[in-house]
Amino acid sequence: MDLGRLQQIDEYTWTLRNGAANGRGPVQFFGSAPLLASMDDKVLEQLANVAKLPGLVGAAMAMPDAHWGYGFPVGGVAAFDPEQGGIISAGGVGFDISCGVRCLRTHLQLRDVESRLPRLADALFQAIPAGVGEEGLLKFSPAELDEVLEGGAQWAVRKGFGVPEDLEYVEERGRLAGAAPASVSPLAKKRQRGEMGTLGSGNHYLEVQVVEHICDRGAATAYGLEEGQLAVSIHCGSRGLGHQIGTDYLVSLAKAANRLGVKLPDRELACAPIESPEGQQYLGAMRAGANCALANRQILAHLTREAFHRVLPEAKLEMLYDVSHNICRPERHRVDGQERLLYIHRKGATRSFGPGQPDVPAPYREVGQPVLIGGSMGTASYILAGTAESEARTFSSASHGAGRSMSRRQALKQWQGRELVDELARRGILIRTKSMRGAAEEAPGAYKDVELVAEATERAGLARRVALLRPKVCIKG
Amino acid sequence: MEKSYAYFDHEADVGIIGRGATIEAAFEAAAEATFAIMADLPSIQPAAKVDVTFDEPDPELALVTWLNCLLAEARAAGLALGRFSLRRHNTAWRGEAWGEPWRADLEKGVEVKGATLTMLSVHPADGGWETQCVVDV
Numbered sequence: 315m316d317l318g319r320l321q322q323i324d325e326y327t328w329t330l331r332n333g334a335a336n337g338r339g340p341v342q343f344f345g346s347a348p349l350l351a352s353m354d355d356k357v358l359e360q361l362a363n364v365a366k367l368p369g370l371v372g373a374a375m376a377m378p379d380a381h382w383g384y385g386f387p388v389g390g391v392a393a394f395d396p397e398q399g400g401i402i403s404a405g406g407v408g409f410d411i412s413c414g415v416r417c418l419r420t421h422l423q424l425r426d427v428e429s430r431l432p433r434l435a436d437a438l439f440q441a442i443p444a445g446v447g448e449e450g451l452l453k454f455s456p457a458e459l460d461e462v463l464e465g466g467a468q469w470a471v472r473k474g475f476g477v478p479e480d481l482e483y484v485e486e487r488g489r490l491a492g493a494a495p496a497s498v499s500p501l502a503k504k505r506q507r508g509e510m511g512t513l514g515s516g517n518h519y520l521e522v523q524v525v526e527h528i529c530d531r532g533a534a535t536a537y538g539l540e541e542g543q544l545a546v547s548i549h550c551g552s553r554g555l556g557h558q559i560g561t562d563y564l565v566s567l568a569k570a571a572n573r574l575g576v577k578l579p580d581r582e583l584a585c586a587p588i589e590s591p592e593g594q595q596y597l598g599a600m601r602a603g604a605n606c607a608l609a610n611r612q613i614l615a616h617l618t619r620e621a622f623h624r625v626l627p628e629a630k631l632e633m634l635y636d637v638s639h640n641i642c643r644p645e646r647h648r649v650d651g652q653e654r655l656l657y658i659h660r661k662g663a664t665r666s667f668g669p670g671q672p673d674v675p676a677p678y679r680e681v682g683q684p685v686l687i688g689g690s691m692g693t694a695s696y697i698l699a700g701t702a703e704s705e706a707r708t709f710s711s712a713s714h715g716a717g718r719s720m721s722r723r724q725a726l727k728q729w730q731g732r733e734l735v736d737e738l739a740r741r742g743i744l745i746r747t748k749s750m751r752g753a754a755e756e757a758p759g760a761y762k763d764v765e766l767v768a769e770a771t772e773r774a775g776l777a778r779r780v781a782l783l784r785p786k787v788c789i790k791g
Numbered sequence: 109m110e111k112s113y114a115y116f117d118h119e120a121d122v123g124i125i126g127r128g129a130t131i132e133a134a135f136e137a138a139a140e141a142t143f144a145i146m147a148d149l150p151s152i153q154p155a156a157k158v159d160v161t162f163d164e165p166d167p168e169l170a171l172v173t174w175l176n177c178l179l180a181e182a183r184a185a186g187l188a189l190g191r192f193s194l195r196r197h198n199t200a201w202r203g204e205a206w207g208e209p210w211r212a213d214l215e216k217g218v219e220v221k222g223a224t225l226t227m228l229s230v231h232p233a234d235g236g237w238e239t240q241c242v243v244d245v
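These protein sequences, in sequence, are chains U and R. Residue 315 is where the first sequence starts when you use my numbering, and the numbers rise one by one after that. Residue 109 is where the second sequence starts when you use my numbering, and the numbers rise one by one after that.
Treat the hints as calculated values from the structure; they're not laboratory data. Note that beta-carbon positions come from the ideal geometry of N, C-alpha and C, so glycine has one too. Honestly, I wouldn't trust all of these hints.
What the hints assert, rightly or not - Using 30 Å as the maximum straight-line C-alpha spacing, the simulated DSSO-like pairs for lysine-lysine come out as follows:
id: 1; chain 1: U; residue 1: LYS727; chain 2: R; residue 2: LYS111
id: 2; chain 1: U; residue 1: LYS504; chain 2: R; residue 2: LYS157
id: 3; chain 1: U; residue 1: LYS473; chain 2: U; residue 2: LYS504
id: 4; chain 1: U; residue 1: LYS504; chain 2: U; residue 2: LYS748
id: 5; chain 1: U; residue 1: LYS504; chain 2: U; residue 2: LYS569
id: 6; chain 1: U; residue 1: LYS748; chain 2: U; residue 2: LYS727
id: 7; chain 1: R; residue 1: LYS111; chain 2: R; residue 2: LYS157
id: 8; chain 1: R; residue 1: LYS157; chain 2: U; residue 2: LYS748
id: 9; chain 1: U; residue 1: LYS786; chain 2: U; residue 2: LYS630
id: 10; chain 1: U; residue 1: LYS473; chain 2: U; residue 2: LYS630
id: 11; chain 1: R; residue 1: LYS157; chain 2: U; residue 2: LYS453
id: 12; chain 1: U; residue 1: LYS569; chain 2: U; residue 2: LYS366
What the hints assert, rightly or not - To give an idea of the chain R side of the interface with chain U (calculated C-beta under 7 Å), a few residues:
id: 13; residue: ASP117
id: 14; residue: LEU169
id: 15; residue: ASN176
id: 16; residue: TRP210
id: 17; residue: LYS216
id: 18; residue: GLU219
id: 19; residue: LYS221
id: 20; residue: GLY222
id: 21; residue: THR226
Extracted from the complex, chain U is given alone in its bound form (with noise of 0.2 Å):
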């Protein structure tokens, strides 16, 4: 991106040069000169369409690790009051609804079971059913799928997947309230009666991690963290359903923009007046699309907890936290003093609430919300501890991952399926995947630097370092 367009406000905050004009409202950057050097002139290109939408409050915002996406830049963030005919964006939220991690810890310390390692990494393959094709166990009718469509991991814990202090680390309690199963087609379902329980492919993983570094000592007590402990992390959404969801909506939304009285910059920032009917339905059927999500990752992590049983039959494995980076939630803010109910759209973005914020789980409200910044197989990952100062800057928001540097087709030419995975055990990251290509892809030097991106979110004062964690065993679909 050319940097002569942003106008630099400190070391990590930017914005665009010649200020809000013509109908658009700021825009806002933050992140390090050569992060954004790196970052494609389309991310300023969708950042300023989507600061022309109605309603905006503050900017349209680019966390650290923002590439080009679908209308909204992956790592966008955009705040919508309905009360000024803001908006909702089926754009804003992305296809993969809720997509998130969930981390688990545990309390084995790597040295003690590092030799039983690949057993662990069979048993997980064997268990989580990951890649094209690759269907769950489970299989469910439309009226069953409503249940958990309205559930979310509140239904999984009640059919047996997990306990139920589970949901006291999961953000919502692992259920949204306000879900319309009625709003999402039957097309979608039908996509969806044999994935519950699946990972997917292409960027969604699960990994068993040590945690290699603490950089925050007390959040990581609260956390429960400590060097060389291993954890797990689970990277998925809500797999065909909610691509459905986003699929369907996005051109009805499209074709229904003139008629609700929204002048479209681009077709994928298809959205309605918060309060329409058209809005409203949308809320409804992304709600149950989250709540999908939510159901699957807490079935992923019952699944590896079977696994790690069988293997490791001492583990045990506690909820560490549960963040959704594709979402739109209705919060409120303090906006020139005054508290606000906005609607925050995070479209691969973490939530990042600060130290004493009530929806915080008691025991981390101290230091506040964990805040998952996920790596690509054969890089770290972190885990950071959200700010009372990113209210003030992003309404709570930060990164959440390293993001694509390189295309699939770049990386194809590049890497070698079966010499990366070879290469990655030699360094001691068991890999365990069914397609060999889509390892290449997914090749850890595809992406940008982690670990510029998580420092450059504790420098723009989004969220403070925590632990860094290395990858130990890979599960990719």
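For this one, chain U is given, so just place chain R on it according to the hints.
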């Protein structure tokens, strides 16, 4: 223009291109491009069929709808699809696709979750038609 498909780069996902003598043939080629991301098309046996019908006056939205209907039906039926046929009467589109249930020895790539409106275009080119969009993987 001979029926063919190709790809273009996108930062996070994959851009597909379908070309053909008619708009229908170009749509069929776009479907081949999409499903070839997931599996080796010549290896797929035409043992099962799915039908797709939809009504769409906008040719660009019709391309996205065609691809997404195929992806949804393939997923719902647990099929790898490898052959495609499409007919159009005014705004009514009627398609068929053939494939087989996923098996372990089908070469697997990455799952395509859906076709998007990004870089979406359907236009005449070189005496035929060219279609393109980015698919989400």
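Consistency of the hints with the structure:
1. The suggested pairing of U/LYS727 with R/LYS111 holds, with an alpha-carbon distance near 25 Å, which does not exceed 30 Å.
2. Taking the CA atoms of U/LYS504 and R/LYS157, the gap is near 17 Å; set against the 30 Å cutoff, the hint holds.
3. Between the alpha carbons of U/LYS473 and U/LYS504 the distance comes to roughly 21 Å, so the proposed pair stays at or under 30 Å and holds.
4. With a C-alpha separation of about 24 Å, the suggested pairing of U/LYS504 with U/LYS748 holds against the 30 Å cut-off.
5. Taking the CA atoms of U/LYS504 and U/LYS569, the gap is near 24 Å; set against the 30 Å cutoff, the hint holds.
6. Proximity of U/LYS748 to U/LYS727 is assessed by CA-CA distance (about 20 Å); at most 30 Å being required, the pair is judged to hold.
7. For the suggested pair R/LYS111 and R/LYS157, the alpha carbons sit about 21 Å apart, so the restraint of at most 30 Å is met.
8. Of the pairs offered as hints, the one joining R/LYS157 and U/LYS748 holds, with about 26 Å between alpha carbons and a cut-off of 30 Å not exceeded.
9. The straight-line distance between the Cα atoms of U/LYS786 and U/LYS630 is roughly 18 Å, inside the 30 Å bound, and the hint therefore holds.
10. The straight-line distance between the Cα atoms of U/LYS473 and U/LYS630 is roughly 20 Å, inside the 30 Å bound, and the hint therefore holds.
11. As the CA atoms of R/LYS157 and U/LYS453 are separated by approximately 22 Å, the hinted pair is consistent with the 30 Å bound.
12. Among the hinted pairs, U/LYS569 with U/LYS366 is consistent with the structure: their alpha-carbon atoms are about 18 Å apart, no more than 30 Å.
13. For R/ASP117, the suggested interface contact is upheld, since its CB lies about 4 Å from the closest CB of chain U, less than 7 Å.
14. For R/LEU169, the suggested interface contact is upheld, since its CB lies about 6 Å from the closest CB of chain U, less than 7 Å.
15. Using the Cβ-Cβ criterion of 7 Å, the hint placing R/ASN176 at the interface with chain U is satisfied: the shortest such distance is roughly 5 Å.
16. The interface hint given for R/TRP210 is met, as the beta carbon of that residue sits about 3 Å from the closest beta carbon of chain U, less than 7 Å.
17. Restraint check, R/LYS216 versus chain U: the minimum CB separation of about 4 Å is within 7 Å; hint holds.
18. Because the closest C-beta pair between R/GLU219 and chain U is about 4 Å apart, less than 7 Å, the hint holds.
19. Hint on R/LYS221 holds. Least Cβ distance to chain U is approximately 4 Å, under the 7 Å limit.
20. Interface hint at R/GLY222: satisfied, since its Cβ lies 5 Å from the closest Cβ of chain U, which is below the 7 Å cut-off.
21. The restraint placing R/THR226 at the interface with chain U holds, with a minimum CB-CB distance near 5 Å, inside the 7 Å limit.
In the structure shown, no violation is registered for any of the earlier numbered hints.
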